[in-house]
Structures are given as structure tokens and as C-alpha cells.
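Let chain A serve as the given structure and place chain B on it in line with the hints.
Taken in sequence, the protein lines are chains A and B. Heads up: the first sequence begins at 1 in full-length UniProt numbering, then just goes up one per residue. Heads up: the second sequence begins at 1 in full-length UniProt numbering, then just goes up one per residue.
Honestly, the hints are just simulated from the structure, not real lab data. Beta carbons: idealized from backbone N, C-alpha and C, even for Gly. Hints should not be assumed to be uniformly reliable.
Which bits of chain B does chain A cover? Going by a derived footprint, with three or more residues having C-beta under 8 Å, they are [stated by the list, open to error]:
#1 56 to 65
#2 90 to 102
#3 142 to 150
#4 298 to 310
#5 328 to 342
#6 407 to 416
#7 427 to 435
With the Cβ distance kept under 10 Å, some of the chain A side facing chain B (calculated, not the full set) [to be verified]:
#8 39
#9 63
#10 99
#11 101
#12 103
#13 458
Below, each chain spelled out in residue letters.
Number of protein chains: 2
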Amino acid sequence: MSAPTPTREHVATSLPGALVDTASLAAAASDRSGALGADPVAVVRAGSVDDVRRTLAWAHEHRVPVVPRGAGTGLAGGALADGALVLDLSGLDRILTIDPVEELAEVEPGVLTADLDAAAAAYGLMYAPDPASAAISTIGGNIATNAGGMRCVKYGVTRDAVLGLEAVLADGRVVRTGRATAKGVVGYDLTGLLVGSEGTLGVVTRATLRLRPRPAATATALATYPDVESAAAACAAVGAARLRPSLLELLDAATLGAVAEHTASPGLADVGAAVVAQTDGDDAAEATEAIERVAAVLAAGATTVERTADAARADELLAARRLALPAIEARAHALIEDICVPRSRLAEAVRGVERISAETGVAVFTFAHAGDGNLHPIVTWDRSVPRDSGVPAAVEEAAGRIFALAVELGGTLSGEHGIGTLKRAYLGLELSAEVRDVQRAVKAALDPRGVLNPGKAV
Amino acid sequence: MSAPTPTREHVATSLPGALVDTASLAAAASDRSGALGADPVAVVRAGSVDDVRRTLAWAHEHRVPVVPRGAGTGLAGGALADGALVLDLSGLDRILTIDPVEELAEVEPGVLTADLDAAAAAYGLMYAPDPASAAISTIGGNIATNAGGMRCVKYGVTRDAVLGLEAVLADGRVVRTGRATAKGVVGYDLTGLLVGSEGTLGVVTRATLRLRPRPAATATALATYPDVESAAAACAAVGAARLRPSLLELLDAATLGAVAEHTASPGLADVGAAVVAQTDGDDAAEATEAIERVAAVLAAGATTVERTADAARADELLAARRLALPAIEARAHALIEDICVPRSRLAEAVRGVERISAETGVAVFTFAHAGDGNLHPIVTWDRSVPRDSGVPAAVEEAAGRIFALAVELGGTLSGEHGIGTLKRAYLGLELSAEVRDVQRAVKAALDPRGVLNPGKAV
Numbered sequence: 001m002s003a004p005t006p007t008r009e010h011v012a013t014s015l016p017g018a019l020v021d022t023a024s025l026a027a028a029a030s031d032r033s034g035a036l037g038a039d040p041v042a043v044v045r046a047g048s049v050d051d052v053r054r055t056l057a058w059a060h061e062h063r064v065p066v067v068p069r070g071a072g073t074g075l076a077g078g079a080l081a082d083g084a085l086v087l088d089l090s091g092l093d094r095i096l097t098i099d100p101v102e103e104l105a106e107v108e109p110g111v112l113t114a115d116l117d118a119a120a121a122a123y124g125l126m127y128a129p130d131p132a133s134a135a136i137s138t139i140g141g142n143i144a145t146n147a148g149g150m151r152c153v154k155y156g157v158t159r160d161a162v163l164g165l166e167a168v169l170a171d172g173r174v175v176r177t178g179r180a181t182a183k184g185v186v187g188y189d190l191t192g193l194l195v196g197s198e199g200t201l202g203v204v205t206r207a208t209l210r211l212r213p214r215p216a217a218t219a220t221a222l223a224t225y226p227d228v229e230s231a232a233a234a235c236a237a238v239g240a241a242r243l244r245p246s247l248l249e250l251l252d253a254a255t256l257g258a259v260a261e262h263t264a265s266p267g268l269a270d271v272g273a274a275v276v277a278q279t280d281g282d283d284a285a286e287a288t289e290a291i292e293r294v295a296a297v298l299a300a301g302a303t304t305v306e307r308t309a310d311a312a313r314a315d316e317l318l319a320a321r322r323l324a325l326p327a328i329e330a331r332a333h334a335l336i337e338d339i340c341v342p343r344s345r346l347a348e349a350v351r352g353v354e355r356i357s358a359e360t361g362v363a364v365f366t367f368a369h370a371g372d373g374n375l376h377p378i379v380t381w382d383r384s385v386p387r388d389s390g391v392p393a394a395v396e397e398a399a400g401r402i403f404a405l406a407v408e409l410g411g412t413l414s415g416e417h418g419i420g421t422l423k424r425a426y427l428g429l430e431l432s433a434e435v436r437d438v439q440r441a442v443k444a445a446l447d448p449r450g451v452l453n454p455g456k457a458v
Numbered sequence: 001m002s003a004p005t006p007t008r009e010h011v012a013t014s015l016p017g018a019l020v021d022t023a024s025l026a027a028a029a030s031d032r033s034g035a036l037g038a039d040p041v042a043v044v045r046a047g048s049v050d051d052v053r054r055t056l057a058w059a060h061e062h063r064v065p066v067v068p069r070g071a072g073t074g075l076a077g078g079a080l081a082d083g084a085l086v087l088d089l090s091g092l093d094r095i096l097t098i099d100p101v102e103e104l105a106e107v108e109p110g111v112l113t114a115d116l117d118a119a120a121a122a123y124g125l126m127y128a129p130d131p132a133s134a135a136i137s138t139i140g141g142n143i144a145t146n147a148g149g150m151r152c153v154k155y156g157v158t159r160d161a162v163l164g165l166e167a168v169l170a171d172g173r174v175v176r177t178g179r180a181t182a183k184g185v186v187g188y189d190l191t192g193l194l195v196g197s198e199g200t201l202g203v204v205t206r207a208t209l210r211l212r213p214r215p216a217a218t219a220t221a222l223a224t225y226p227d228v229e230s231a232a233a234a235c236a237a238v239g240a241a242r243l244r245p246s247l248l249e250l251l252d253a254a255t256l257g258a259v260a261e262h263t264a265s266p267g268l269a270d271v272g273a274a275v276v277a278q279t280d281g282d283d284a285a286e287a288t289e290a291i292e293r294v295a296a297v298l299a300a301g302a303t304t305v306e307r308t309a310d311a312a313r314a315d316e317l318l319a320a321r322r323l324a325l326p327a328i329e330a331r332a333h334a335l336i337e338d339i340c341v342p343r344s345r346l347a348e349a350v351r352g353v354e355r356i357s358a359e360t361g362v363a364v365f366t367f368a369h370a371g372d373g374n375l376h377p378i379v380t381w382d383r384s385v386p387r388d389s390g391v392p393a394a395v396e397e398a399a400g401r402i403f404a405l406a407v408e409l410g411g412t413l414s415g416e417h418g419i420g421t422l423k424r425a426y427l428g429l430e431l432s433a434e435v436r437d438v439q440r441a442v443k444a445a446l447d448p449r450g451v452l453n454p455g456k457a458v
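Okay, chain A solo, but in the shape it has when bound (with noise of 0.2 Å):
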């Protein structure tokens, strides 16, 4: 499937827009994978969907590999581009509707997140998919890795949110999938098969979003646990309740005691885990008896539990956690892994993954979105060693371990992030190899040149 390597020159005069200059290829050579920096042949900024399908139907002509590319913020590796051609999509980021009767947005790929939910916000609505990077990365972006976040415990993930798509195939023509109503049945649905294909099956030029009610009011609590066991058991009876919280993540010692290292804070650093919940309702009434309800169930076995209507407050309470990545990654280096396991399994994943880092000497710092399972356990090493000469062989093989023991313990590889490049080693690990087959030939349906991101997702 993998197309030759043409050379920058033959790009370059042979493609209109193609850019070689050394800043547009320094700019799309890496992302937030903490792979290192690849080397992209040209660059296309599209300007319409009318670029797009040029450049695919040359590139399809060419047989030129292609590398989508949103913000850069994929955790993955999959706008990694060595070799390749790299369509830049951030500068088709107009929001061109938002709909609030059908509560729908239509909008263009290079759109950021955080700016899509803002907008919707002005209308009572809200884009639920909320990944940490909302801020800075696009709506393509989170479609190509079917991206989660913090709110999916209650609202789902970008799959869930999204209705249709217009979509460039590799050889440039164009198509319309899926619907703008709220129910619909006809054909295959392949606006699902794109959402998470991670460019590899075509180019989404505009999405047809689902915006939902934007609560009116949330409530939030902390508990804090002298273990993780003691604060898992804890999530696991909030489900078991049949509690709905919009928000339930979990943070290991390892992690509290980065956040309190880097805030300068004693904070929750003698604590051995602590969850942050919230509750969202149509009026402040409604939150507060929720996250009582919630703050009930999470003090057993709590040391400490506060709960607070309080805006304020509330951004304490959840400081930790918006905390935990960038403390970490102000100390180390870090490979942020993602896997997702049963709920009820979340308490041996985390002593899993403490037992890999261990036995393998390497500093692994676990948070987790509780309430679906997903854990990030975050694998560094000491930054006084270059970043440009890799990844530690003993990170490589942490990293290796904890998908095993994800799959292990009937889980995934990736909650959230994605496959990329990164993960593609350890498909087989999850994938049978019939399953692989079928995503190949349907890669091949679509993509019979294999232009399209070749070496990604499958």
C-alpha cells in the first residue's frame, strides 16, 4: 500500500500551493506525540474545499502520500508526515451555522473546539466533547481520533456528537455523509467509519455537529482517600447508584504529589488518591441535590469530602486535576498514554501500572477519567536527558506493558487519543487478526492507492 517518496522539487513544481520553504516545513514536522520531528515533503494550506479536492486528486494522480493535518495537538503520532505531502486544514475554521431550533452547528474542520462550544454557548447550547487540548486543537482533529474528554462520562464523545460530514475521498471526489435530522437509517453509516478513522479514509472539509442543552448550573465535590483502591470502590459505587455526574476523575499520589510540588502548595501531597466529581441541572436546586447525592456515596471510605455550589470554589477543587498534565510534564519528559479498561477494574490498572513502573524504574503518573474507565497514565523520564535522542528503551517497554495489562484486564490500547503511529506496534495485542483484515480491505475500498496517511490507525 505505501506510495514511493517524491522529491520536494517535483512537489513543489508540479502541485499549486505546494509550500517548501523551510518555516511552513518546520511548522508541520511535529505534534504533541513527543515522537520526533518528521519530515513532510511540501505543505498545502487549503483555503476551500476546492484546494482539498485539487491536491488529493493530484496527489491521487501522483500516488503521493498525504498527511491531514489539523492544530498539531494529536497525542498519537497520526499528523506525523515523513515522506509526505501535509494538508493543512487550520485555516477552514469558519463556525458557518449554528442552528439553536435543531440544535445543530455546521462548521469547518480548522474550527477550535473551545471556540465551537463558546459560540453555542451564546444560545443556551453546548458542544459537549471537551479533550484537555479544546482550547487548541479543531473540530477535524477530534473527529479524525474520535476524541473524548471530561463531560463523555455523561455526554459522549465526539462520535456521539456528530451527524454528518462532507468528506474529500484520496482520489478527490467529494461526498456528503450522514444527516441533519435527528434520527436516520439510510445506507451504511459512514460518517461513524470516518470519525476516528484519523485521515486515513478521507479529508472532512465540514461537519454537521449535534449542540445539546448547556446545563444552568453545576455543583462539585472533592473526596480524598488514604488509597486508590478506597477512591476506585468509590467511583464504582457512584455508578453503581445509578448517579449520573457530568464530570468523575480520579488522581493518583504520584500525580497529587506532582501538582503539589509544582504549585508550591502542600495541597493533597499526603494524600493517597482523590476524586473530583461534578453535577450539571437545569437550575443550581437541581446540581446541588445531585452532587449530595454523589458527595454521599464517595465518602465511603473518603478521609475528606467537600462539596461546594460555588464557582470559585469549584475551580480550587478542580485545580488538581487541570494541573496534574502540566505538572507533570514540567518535571519530565512524558509520553501521555490513554488506555480504558472495565470500571470495575480501574483500581487494579492503576496498581498495575505502579507495579510496570516499579519493575521497570520508569516515573508513571496516573490520572483517570473514572466514571468511563479511562486512564491517562503518563510515562516520563528525566528531562536532563535530550528530547531529540528518543524514547528511553525502559519507557518503550513500560509503555508496552501497560497496554498489555489494559488488554489484559478486557480493556483498550486507546480510550480516546487514538492509534497513530505510536500505538500501531501493539494493535495486534487487541485486534485479531481477522478484524485487521476487514479494516484493511475497508481502508483499501476507500483508499486503493493508500494515499491517505498511510502507516496510521490500521
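Below, chain B without anything else, positioned relative to chain A:
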């Protein structure tokens, strides 16, 4: 793609388990689409995954078309099997596990939808999709058509409830798709691709389904209006107020008249349109508070509004909706249509259907999942015409014009019943040539010999 028709003798002698007796063939000859009986070649009643695997491997080798079948309650002809082998999955009817902690069920495809919901209720959970056929239709058939129902307006359709599948491919290979975790983004969404594919891409032999907390309490309201515009406007206002009833149904004057005649009670015979709404919550107070908000919005333009938290009275308020289809089918032959339009165009759609009815002289009765913009225009003709003389030309014309109306209003041919054979001729109204090409490419990738349910869905 279409395979040659095999002889009955050939199948009976060459495929172990193939039944060709008159009773077996007759039982597999029709569905609830109203289409005339088909002429299947033979029937295999699968008792295990291995039966399915062996049957498909045999059919693939001999290029014999196979039509998977559940309870035969489909409304679009998806299970019709002219000249094909019927693979009856209704005997694979075990609920394998209900996991109250993960809120998952693992089931075989022949389980009746209502039986799963009842089994989940024992754990305080529900299986949310609730097609009107839930008591008689199977999970496998629901998955094949991506079935909807009344609760969809709050809880989503079948695709939203399916996390993973075991399926047998056209050549007999068994694949396991999806996940048993809350989130997962590894590889293409083959699960979502199989859902709604009407048995044309694989035969589902097991499903991992998401259960949801079962609401502890409900409350119900019935509002009547002088005309359908007022009723539709009231439904739109409920959405605009960002309220989320768990059921929001509209009935037109013709339907209300039919129900009054059927029940021999004046009931709502003189009403221009009616809306039934239901809300749910963690306790009676929450459900009641929610129905008060909904009723307050429904009151604008209404002639009468009644609300109740009493279960017996709620049943009475819901009776007109529940009896709508039986009442119509008692008086006439019926094609049950299933268009979906943007919510705000509901009144235009109902009026458009009335106009088509007047112009073609065909009686059409409309009720709708108003919260989703999903209308069921029931296109009828006289019972004095023998059913086996086919669908009258005027009825076909009225149905075709209703499909065109749906697309003209920005909607779709089918919200929840599927394409089957009955709507296939109209696919071009909604899907571009490019999209149909992609659908066919996907079909060819998974079923290169075209043995699975040929002539359906795409």
C-alpha cells in the same frame, strides 16, 4: 453482484440442516412490510455460532444468497428472501450476562428486545431503544435496522446502545468488533458500520449492549390543539426551552379519528392534533417538576393540557398513541412509512403529507416522534382489495411523493425502519452517486461475492 438462484434440491442435499418443508418455507416467506410473500429456497435454523459459520462458508463457496432473519417483524422488506437461503437466528436467544456494574448486557441476536429490557429492570437498568415492535422483534433485527422508538428522543437509537459485536462475515470468518469499555478508539468503527447494515455486511451472533439507569419515576402530559401547526409549534418550543422529555409524540386528526372509531369512544375525535409527553427522573418529585415545565410550554396554543404522575392515568393518556397503528391497521391495508425531517419542519411535513393524501386520493394517517422530527405516515388502501393483489399504484405514488417531500424538507427517507427492498428505488433521492459508490465499495470489500442479503439496503 447478484448470485444465481440455486435449486431447492441442491441446497437440501448439500447443506446440512437446510429445511425445505412447506411449513418452514411458509414461515420464512414474509415480514411485516406489507410486501407480498417471497419464495425462499430453504431455511437454516441456527442453534449455534458454528451453525452460522458453517452455513455462510457453504453459501460463500456455492455463491448462494443468504438472508438473515430474526422475528420477521421488519417494516421495509429487509428479511424478504426470494430465491435465497434464509438463515433464521431466532433460536440464538440467550441473554448471556447482565453486568450491573459495567451496565452492559451480552446477548445473542434472537433475544426479544422487551425481554432484555425486562431482565435489565431487575438491576435497576434499562435497554433504552424501544421500537414499537419491542415485544415481538429481536435484538438482531433491531441492530440490522438501527431501530429507534419513543425513548430515543432522550436516550438515542440502537447504534448508541451497541458497544461491540460478534459477527460472521460473508465467507464464514468470525470477527469480534468494538469493546466492552465505555470508550475505545482502536481502529475503524466496524461495530457502527454493521449496525443498520440490514444483514448485508455480516451476521450478528452476539452483541455487547449498553444498559442505562432505569428512571425511578415518570410523569405524563397530554395536550390537544386546534390544528397540527399549533401542536408542532408546541413541540418545537419544548426543544427551544432546552427541555428533554423522555417521550414527545404527536398525533394528527386522521389518526385520532381512527383511534376514536377503533375504541368506539369519542375520545379525541374532534381534536385537530394531540401531543403526548413523558418525563423521567430519579424520584417522583423530579419527574413531576420536569413534566410541569414541559406542560407549561405545551400549553401555548393548546385547547387542553392534562398532566399526571399516576401510572394508570398515564396509561390512559398514552392510549391514543399506543393504539394508533392497531386502529389504522384494523380498518385498512397499510404501508408504514418512516420519514425524518428537521424538527422545526414537522408541521410542514404533516401538512405536506395531507396535501399528498388529498391529491392522490389515498388516506394517510400520521403520527410522529415529534422530538426527533420522525414521522410515521401510514399510507392506506381499502380492505376490500385483496392484499395479495399488491400495492395499488396510487398508494405507491403517494409513498414516493412522501419520500420526495422528506428530502425536500432537508430530511431522510427513513428515520428508524431501514431501506430493505421497499425504499431502495428511492435511495437516489437522498444519496449522491459518489456516496452510493462508496457504499457499494464497502459492501464489495466485506462481501465480494455478494451473498449476504443481496438487493437490500444499498
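*asked:* Tell me the numbers of any earlier hints that the structure contravenes, in ascending order.
replied: The structure breaks hints 1, 4, 8 and 9; every other hint is satisfied.
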